[in-house]
Amino acid sequence: MRAVLLSLALGASTIGPALLPGGCPLPGSPGLIGLLDSTPFPRRAHPRPPAPHPPSPVAGGGCGEPRALLSGIHCSLPRNEAQTATGPGDAGARKQRGSSGGTQRGAAVHLTQLAGGARVVVLEDRRSPLAAIDLWVGAGSAREQPEERGAAHFLEHMVFKGTPERGPGALDSAFEDTGAVLSAATTRDGIHFHSTVPARYAAELIAVLCDAVARPALDPAETERERRVILDELARQGSDWRRATLDALFASAWSGHPYASPVAGTARDVLALRREALAAFHGREFRAERAVLVVAGALPSEEVRAAAERAFEAWPARQSPGDSARSAASGVRTVPAAGGGGVATPAGTVGLGFAVRQADAQTRATAEVAAALLGDARGGRLPRLLRGLADPEQTAVEWSPLREGGLYSLAVRVAPARSGEALKRLESAVAGLAAAPPSPAEVDYARRRVLGSWLFETETLGGVAKRLGEAAISGRLEDELTFRRAIERVTPEDVQAFARERLRPDSAVRTGAGGDS
Numbered sequence: 083m084r085a086v087l088l089s090l091a092l093g094a095s096t097i098g099p100a101l102l103p104g105g106c107p108l109p110g111s112p113g114l115i116g117l118l119d120s121t122p123f124p125r126r127a128h129p130r131p132p133a134p135h136p137p138s139p140v141a142g143g144g145c146g147e148p149r150a151l152l153s154g155i156h157c158s159l160p161r162n163e164a165q166t167a168t169g170p171g172d173a174g175a176r177k178q179r180g181s182s183g184g185t186q187r188g189a190a191v192h193l194t195q196l197a198g199g200a201r202v203v204v205l206e207d208r209r210s211p212l213a214a215i216d217l218w219v220g221a222g223s224a225r226e227q228p229e230e231r232g233a234a235h236f237l238e239h240m241v242f243k244g245t246p247e248r249g250p251g252a253l254d255s256a257f258e259d260t261g262a263v264l265s266a267a268t269t270r271d272g273i274h275f276h277s278t279v280p281a282r283y284a285a286e287l288i289a290v291l292c293d294a295v296a297r298p299a300l301d302p303a304e305t306e307r308e309r310r311v312i313l314d315e316l317a318r319q320g321s322d323w324r325r326a327t328l329d330a331l332f333a334s335a336w337s338g339h340p341y342a343s344p345v346a347g348t349a350r351d352v353l354a355l356r357r358e359a360l361a362a363f364h365g366r367e368f369r370a371e372r373a374v375l376v377v378a379g380a381l382p383s384e385e386v387r388a389a390a391e392r393a394f395e396a397w398p399a400r401q402s403p404g405d406s407a408r409s410a411a412s413g414v415r416t417v418p419a420a421g422g423g424g425v426a427t428p429a430g431t432v433g434l435g436f437a438v439r440q441a442d443a444q445t446r447a448t449a450e451v452a453a454a455l456l457g458d459a460r461g462g463r464l465p466r467l468l469r470g471l472a473d474p475e476q477t478a479v480e481w482s483p484l485r486e487g488g489l490y491s492l493a494v495r496v497a498p499a500r501s502g503e504a505l506k507r508l509e510s511a512v513a514g515l516a517a518a519p520p521s522p523a524e525v526d527y528a529r530r531r532v533l534g535s536w537l538f539e540t541e542t543l544g545g546v547a548k549r550l551g552e553a554a555i556s557g558r559l560e561d562e563l564t565f566r567r568a569i570e571r572v573t574p575e576d577v578q579a580f581a582r583e584r585l586r587p588d589s590a591v592r593t594g595a596g597g598d599s
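Each number in our numbering comes from the position in the sequence shown (counting from 1) with 82 added on.
Treat the hints with caution; some may be incorrect.
Here are the simulated distance ranges between beta carbons [stated by the list, open to error]:
| hint | residue 1 | residue 2 | range |
| --- | --- | --- | --- |
| 1 | Ala499 | Glu575 | 45 to 53 Å |
| 2 | Arg356 | Ala388 | 35 to 43 Å |
| 3 | Glu384 | Arg357 | 35 to 43 Å |
| 4 | Ala523 | Pro211 | 42 to 50 Å |
| 5 | Pro211 | Ser521 | 45 to 53 Å |
| 6 | Ala499 | Ala399 | 55 to 63 Å |
| 7 | Ala267 | Asp526 | 30 to 38 Å |
| 8 | Gln440 | Ser265 | 55 to 63 Å |
| 9 | Pro211 | Ala499 | 34 to 42 Å |
| 10 | Ser265 | Glu385 | 35 to 43 Å |
| 11 | Ala354 | Ala267 | 17 to 25 Å |
In case anyone wonders, no lab produced these hints; they're calculated from the structure. All residues carry an ideal CB built from backbone N, CA and C; glycine is no exception.
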């Protein structure tokens with residue numbers, strides 16, 4: 083068993099292997115790159131950031147924030163741990179030694195890799211008698227073969243339909259009996275099941291959840307019933323112009339890549355999907371080494387680790403080299419290159435998108451700031467450029483991070499007759515970023531909006547668990563733990579360089595107004 087002890091600062095003094103004045107870790111401090119592998123990050127949009135008042139710096143300087151649980155990292159192996167701090171698939175071994183103690187005012191976060199390959203991330207926070215449980219599996223829609231389109235999302239539904247021993251609804255009942263509610267979601271990179279529960283029931287519920295995810299019954303009658311539910315869900319989503327525009331941009335920007343397909347598939351995909359294909363996808367992708375369990379709350383890490391060891395016993399262990407090659411092949415399949423991939427968009431919706439491939443942590447941070455700078459409903463450039471043409475509520479600039487890069491997109495909904503004019507204004511907004519660095523005041527405002535949203539997301543145990551899980555499943559836990567520092571380092575010149583290098587006109591895809599899609 084491999085264990086890594088991380089310490090997250092909860093106060094203004096963020097500690098780490100090396101510190102700048104005010105407590106900010108030095109660039110290049112030891113971290114977790116290479117510890118984890120797999121899949122996804124959340125899509126972050128900036129039409130209406132949830133935090134109305136961006137945070138002010140903590141008195142006395144520094145990069146910490148009293149309410150931020152993810153403001154810094156100290157990474158070391160416990161002194162009695164001899165294993166290397168590397169994850170499965172790492173080419174070389176890397177040992178790190180250091181103080182094993184936690185921070186004076188921080189909560190200890192423990193990262194453990196079980197013998198079968200599953201990873202467990204525990205944030206101990208005893209300020210309330212609750213625990214957030216978030217189980218991630220790196221088996222999103224990007225892992226599907228062409229004949230399996232829609233399988234990841236379909237399986238998300240089927241997990242709730244029982245195991246060979248437990249009937250439909252039993253999983254929901256197990257959580258609801260404790261006063262909790264279990265929810266789930268699917269992305270291009272992964273699937274996750276999450277709930278915040280009374281801490282005293284967490285170990286029992288971890289066992290129930292892991293069993294349900296590992297052994298869905300896939301009863302034929304329940305499969306057909308759920309097929310109708312999913313078709314209805316897809317029909318209702320058809321009125322969401324933002325989702326439709328984003329899917330159309332993904333289809334063109336990532337043409338030829340698994341990311342091009344809609345996460346839930348199309349109605350045609352769902353109708354064609356066979357139970358045997360669901361079983362094949364589950365058997366190939368739902369394996370221990372692709373799973374990350376995050377628990378944040380009033381539960382000792384040793385108790386979570388013991389519960390996780392029991393819960394993952396029934397999961398298939400590490401794949402053989404042959405199985406691994408076949409599984410990897412499913413993640414690099416080729417999809418048809420037809421523009422838009424058949425994704426329909428409502429009349430009057432216009433989109434402009436750019437595939438950002440192989441982005442490092444600072445590029446991702448710059449993309450976040452650039453999206454807020456253009457798209458913020460209060461101070462962004464795009465609502466001003468579209469004044470008289472579209473309401474700010476009908477515009478969106480989004481950075482959609484993915485394991486293999488991301489999509490930077492702009493979208494607007496206007497009267498169909500004015501869609502051509504709207505597209506020109508979207509292109510003008512991007513061209514303006516590339517032409518000259520934005521003002522320091524603009525960048526400062528955008529950074530504050532991004533950090534305000536981040537603080538809002540991490541105010542709850544569930545929010546913290548979600549972000550840790552998304553980061554862990556993608557192999558970028560260090561990026562998440564140093565997120566604030568990366569955002570604060572973004573400069574006007576960084577934003578201009580990002581626009582010049584990543585948002586080039588010759589790499590743009592368009593939907594609506596006679597665009598590619």
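Mind listing which of the numbered hints don't hold for this structure, in increasing order? Those not satisfied are hints 1, 8, 9 and 10.
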